[in-house]
Amino acid sequence: MTEIATRAATAEAIYDAPGSLITLLTDTAELTCNTATFDEGAAGAPVHFHTKATEFFHVTAGRLDILVGDEVHTLDAGDFIAVPPGVKHAFAPAAGHTASVFVGFTPGMGRFDYYRLLGRVNAGEATVQDIKDSSATYDNHYAESAAWSGRRRSAEP
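Be aware that the sequence shown starts at 4, since it is given in the numbering used here, and climbs by one per residue.
No lab work stands behind these hints, which were simulated from the structure alone. Errors might be hidden in some of the hints.
Unchecked claim - Listed below are the simulated EDC-like cross-link pairs for lysine to aspartate or glutamate, each with C-alpha atoms no more than 16 angstroms apart in a straight line:
{"no.": "1", "residue 1": "LYS135", "residue 2": "ASP116"}
{"no.": "2", "residue 1": "LYS91", "residue 2": "GLU147"}
{"no.": "3", "residue 1": "LYS91", "residue 2": "ASP116"}
{"no.": "4", "residue 1": "LYS55", "residue 2": "ASP30"}
Stated by the list, open to error - Simulated restraints on C-beta separations:
{"no.": "5", "residue 1": "THR31", "residue 2": "SER137", "range": "17 to 25 angstroms"}
{"no.": "6", "residue 1": "ARG123", "residue 2": "ASP79", "range": "14 to 22 angstroms"}
{"no.": "7", "residue 1": "ALA64", "residue 2": "HIS144", "range": "24 to 32 angstroms"}
{"no.": "8", "residue 1": "THR57", "residue 2": "GLU128", "range": "27 to 35 angstroms"}
{"no.": "9", "residue 1": "ALA139", "residue 2": "ALA85", "range": "19 to 27 angstroms"}
{"no.": "10", "residue 1": "GLU6", "residue 2": "GLN132", "range": "38 to 46 angstroms"}
{"no.": "11", "residue 1": "GLY153", "residue 2": "GLU6", "range": "38 to 46 angstroms"}
{"no.": "12", "residue 1": "THR109", "residue 2": "ASP82", "range": "16 to 24 angstroms"}
{"no.": "13", "residue 1": "THR54", "residue 2": "VAL131", "range": "20 to 28 angstroms"}
{"no.": "14", "residue 1": "ASP133", "residue 2": "ALA80", "range": "31 to 39 angstroms"}
Keep in mind that this is a model prediction, so the values were computed, not measured. No residue lacks a Cβ here, since even glycine has one placed at the ideal position from N, Cα and C.
Start from the sequences, fold in the hints, and give me the full structure.
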């Protein structure tokens with residue numbers, strides 16, 4: 004692997020959903036990295052799994068709920084978690100919070116075009132069916148989880 008440097012001023016940023024901004028950092032065969040910034044109430048990523056890569060999350064600000072398997076964890080700034088291949092997961096800002104997260108995949112997954120597709124869907128230029136049809140291409144397989152759908156989404160008790 005050669006040196007990789009991505010400058011904040013030139014990094015590609017994509018609004019992939021309301022209240023969600025993904026900033027692309029690197030996408031190589033060895034490593035894919037981005038940051039994700041979520042407004043309070045943002046939907047985050049639905050339940051899914053990858054077959055080829057470990058995905059890891061480092062919360063840099065705020066609070067993040069993350070499903071790993073059948074358990075929902077709440078991570079605060081400074082916390083880290085890694086999700087092995089084949090394990091279903093989802094993530095979103097915790098109820099009543101924003102979240103900023105450094106996200107990585109190893110090995111790299113060629114995911115930048117997937118994020119661009121999400122941006123096109125958010126802009127009305129592509130459809131949710133296009134995302135579903137891309138599952139094999141981007142190793143992003145959707146699943147269900149009672150634990151995730153039942154979690155508290157509001158700051159109200």
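Within 24 to 32 angstroms: is that where the Cβ-Cβ distance between ALA64 and HIS144 falls? Given about 29 angstroms between the Cβ atoms, the range holds.
Can you tell me whether the CB distance of ASP133 to ALA80 sits inside 31 to 39 angstroms? holds, 34 angstroms
C-beta pair THR109, ASP82: status relative to the range 16 to 24 angstroms that was hinted: Taking Cβ atoms as reference, THR109 and ASP82 lie about 19 angstroms apart, which means the hint holds.
In this structure, is the beta-carbon distance linking THR57 and GLU128 contained in 27 to 35 angstroms? holds, 31 angstroms
With the threshold set at 16 angstroms, check whether the alpha-carbon distance from LYS91 to ASP116 stays at or below it. Status violated; Cα separation ~22 angstroms.
Okay, ARG123 versus ASP79 on CB: inside 14 to 22 angstroms? Since ARG123 and ASP79 have Cβ atoms about 33 angstroms apart, the given range 14 to 22 angstroms is violated.
Check the following: the C-beta atoms of THR54 and VAL131 are separated by a distance inside 20 to 28 angstroms. holds, 21 angstroms
Take a look at whether the Cβ-Cβ distance between THR31 and SER137 falls inside 17 to 25 angstroms. holds, 20 angstroms
LYS91 and GLU147 were given as a pair; does the straight-line alpha-carbon distance stay at or below 16 angstroms? holds, 9 angstroms
Assess, step by step, whether the Cα of LYS55 is no farther than 16 angstroms from the Cα of ASP30, and give holds or violated. holds, 15 angstroms
Are GLU6 and GLN132 spaced within 38 to 46 angstroms by their CB atoms? holds, 39 angstroms
Holds or violated: the 19 to 27 angstroms window for the beta-carbon distance between ALA139 and ALA85? holds, 24 angstroms
Going down the numbered hints, you'll see the structure goes against 3, 6, while the others check out.
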